[in-house]
Amino acid sequence: MAKRGSSRTAPGEEEEGSSKGTQTLDRGLAILEQVALQPMQRSEIAALLGLSRSTSFRLVKRLVELGFLSQARDGRLQAGSKLMQLGAVATSQSDLIATAAPHLNALASTTGCSAFLGRREGDFSVHLYRAAGTQRVLVATPVGTRRPLAETSLGKALLFDDNLTSWERLLPQAALEFRFENWIDEMIQHVQRGVVIHQGPPPESIRAIATPIRDATGKIAAAITLASVSQYLNHPQMETLAPKVRGTAVAISRELGWTEAASPMVEQNVARRP
Amino acid sequence: MAPGSQTLLRGIDLLESVAEDRATLGELAARLGLTRSTTHRLANALVERRYLTLVPGSGYQLGPKLLWLAYQAQQQSDLARIARPHLERLAEETEDTVHLGIIDSDHALYVDELPGRRRIVISSRVGHHLPLTSTSLGKALLFDAEPERWKQLFEFDRRDSRLRGSYRKWLRSMKEYARCGYTYELEENEDQIRGVAAPIRKADGTITAAISISSAAQYMDEDRMALLSKAVMETAAVISANLGWKADPYSRLEILSG
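Taken in order, these protein sequences are the chains called E and A.
Numbering follows this note's numbering, in which position 85 of the first sequence is assigned residue number 85; successive positions increment by one, without gaps.
Basically this note's numbering = 1-based index in the second sequence + 1000.
Worth double-checking, as some hints may not be accurate.
Claimed, not checked - Think about it this way: if two alpha-carbon atoms lie no more than 20 angstroms apart in a straight line, the pair counts; the simulated SDA-like pairs of lysine to any residue are: (1) E:K82 <-> A:S1105; (2) E:K82 <-> A:R1010; (3) A:K1169 <-> A:E1146; (4) E:K82 <-> A:P1115; (5) E:K82 <-> A:L1130; (6) E:K82 <-> A:Q1076; (7) E:K219 <-> A:R1089; (8) E:K82 <-> A:L1114; (9) E:K219 <-> A:R1084; (10) E:K219 <-> A:Q1075; (11) E:K219 <-> A:Q1076.
Read the hints as simulated data drawn from the structure, not as lab findings.
Please construct the entire structure, taking both the sequences and the accompanying hints into account.
As structure tokens, this is what we get:
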């Protein structure tokens, strides 16, 4: 509970007794987040956040005055126009490549393998960024490379949310050497584990671990992959590195506004299957 | 100031300042007239809750929580949720900026936006209240309003000296728009910005929202705007149908001949 009247302290001092001195800010933001999840009546907020009625009413009043909350016709509080404006600015400033690059650089330097970012464009995967590894033989797919989705590790990760019909349509677009017999069965396994374990055809025999990146909408926005040649990346090593690749994807997804609560990173695709 | 909400106000000032332009701690303190330590404490709280991100070497920028809040806010509205996929398709087909808006306190409130993909794009309008009588979206929202309300809103909007033109001329164009089922914005709201809009109706037939396609004037010559008017009406009709509206077959004939 805020100490009343204590805002009349010296300029620059904070008014409340919390250790960090940012208690009303924290509470105000907590209210915003609750209302964004679910529009609600003023009276529900206090109980939900464990605030006194007077504190919650005062903060809500402020947030309404500031345009961060507004009141719907049924009296419930909802996101206000100012919050929508800030969200739009944040969205327009959000940059997939700039967000992913430092994470991929770190992944490449700790593993020695090359790390890539790619996005779906229609029926293709397009490489957007490459962080070069430190190994003496490196996968060097250039940025801008466009390949049928079913051929690449990135492409397969980008297809996690597609259904079986879509996979069956896209598979014939891949070159023959990428269309091995149990492609669909392996995809189901990849989706279930949340990572693609990719074994490319000879002569390169590229191996890769790929996984999707999700954004605030919960949808797949891009994918990352960690790739190397078979002498550097054997199967036990791929198993060891898979959680690391997923961890990197989760970190990038979070920076794009994704949260576990809104959309579990566990893919629902397989569950939809007959 | 009311007691006990100072840090909330300052924290939000800080957010809005970063929204204008990313900034270092020193810059923020100067902009807001706060001490470095106060600014640091507020910024830390905002970073902790992911409203801000501290980028080493370049300062604070808006954080992922705002992306999440924007999406959640959009999901709260049935209208926005239903309209979204149709707006996405329209944006993809046209490469222009596509908006969804409603009437809110005598203005057009822009509630969703699909940014254009052109080399020149228009600035964001989401969350902004713009005049009803000078935007294509606003005019479409007014189709069914009484002429007295048109006049009243026209005069209300013209208190802003930027907006010009006579009511007689405006009224003539509005009647024509309402007859044809779409509206134009021909740089009267903002220089160099043109748009085409159509209303969305719900089950009871009343106008509940409108959608628009906007771009810089160089992408919007007369022929293209005529083509876009068909696209925007078709998309508006699909969204209306999804809201339960059944088009009157005779009014469709008029749209086609108009």
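Below or equal to 20 angstroms on CA atoms is what counts here, so check E:K82 against A:L1114. Holds, at about 18 angstroms.
Given hint A:S1105 paired with E:K82 - CA-CA distance at most 20 angstroms: Holds, because 15 angstroms separates the two Cα atoms, which is no more than 20 angstroms.
Please verify whether E:K219 and A:R1084 have alpha carbons no more than 20 angstroms apart. Satisfied, since the Cα-Cα distance of roughly 14 angstroms is no more than 20 angstroms.
Proposed proximity, A:Q1076 with E:K82 (alpha carbon, max 20 angstroms): holds, 16 angstroms
Hint consistency between E:K219 and A:R1089 [alpha-carbon to alpha-carbon, up to 20 angstroms]: Between E:K219 and A:R1089 the Cα gap is close to 16 angstroms, so the pair holds against 20 angstroms.
Going straight from one Cα to the other, do E:K219 and A:Q1076 come out at no more than 20 angstroms? This hinted pair holds, its Cα atoms lying about 17 angstroms apart.
Check the hint pairing E:K82 with A:R1010 against an upper bound of 20 angstroms on the C-alpha distance. Given that 20 angstroms is the threshold and the Cα spacing comes to 15 angstroms, the pair holds.
Holds or violated: A:K1169 and A:E1146, Cα atoms, limit 20 angstroms. holds, 17 angstroms
For E:K82 and A:P1115, compute the direct alpha-carbon distance and say whether it is at most 20 angstroms. Holds. E:K82 to A:P1115 sits at ~19 angstroms (cutoff 20 angstroms).
Need the status of pair E:K82, A:L1130: alpha-carbon distance at most 20 angstroms? Roughly 14 angstroms between the alpha carbons, so the hint for E:K82 and A:L1130 holds.
Pair hint outcome, E:K219 versus A:Q1075 [Cα-Cα no greater than 20 angstroms]: Holds, at roughly 14 angstroms.
Comparing the model with each numbered hint stated earlier shows that all of them hold.
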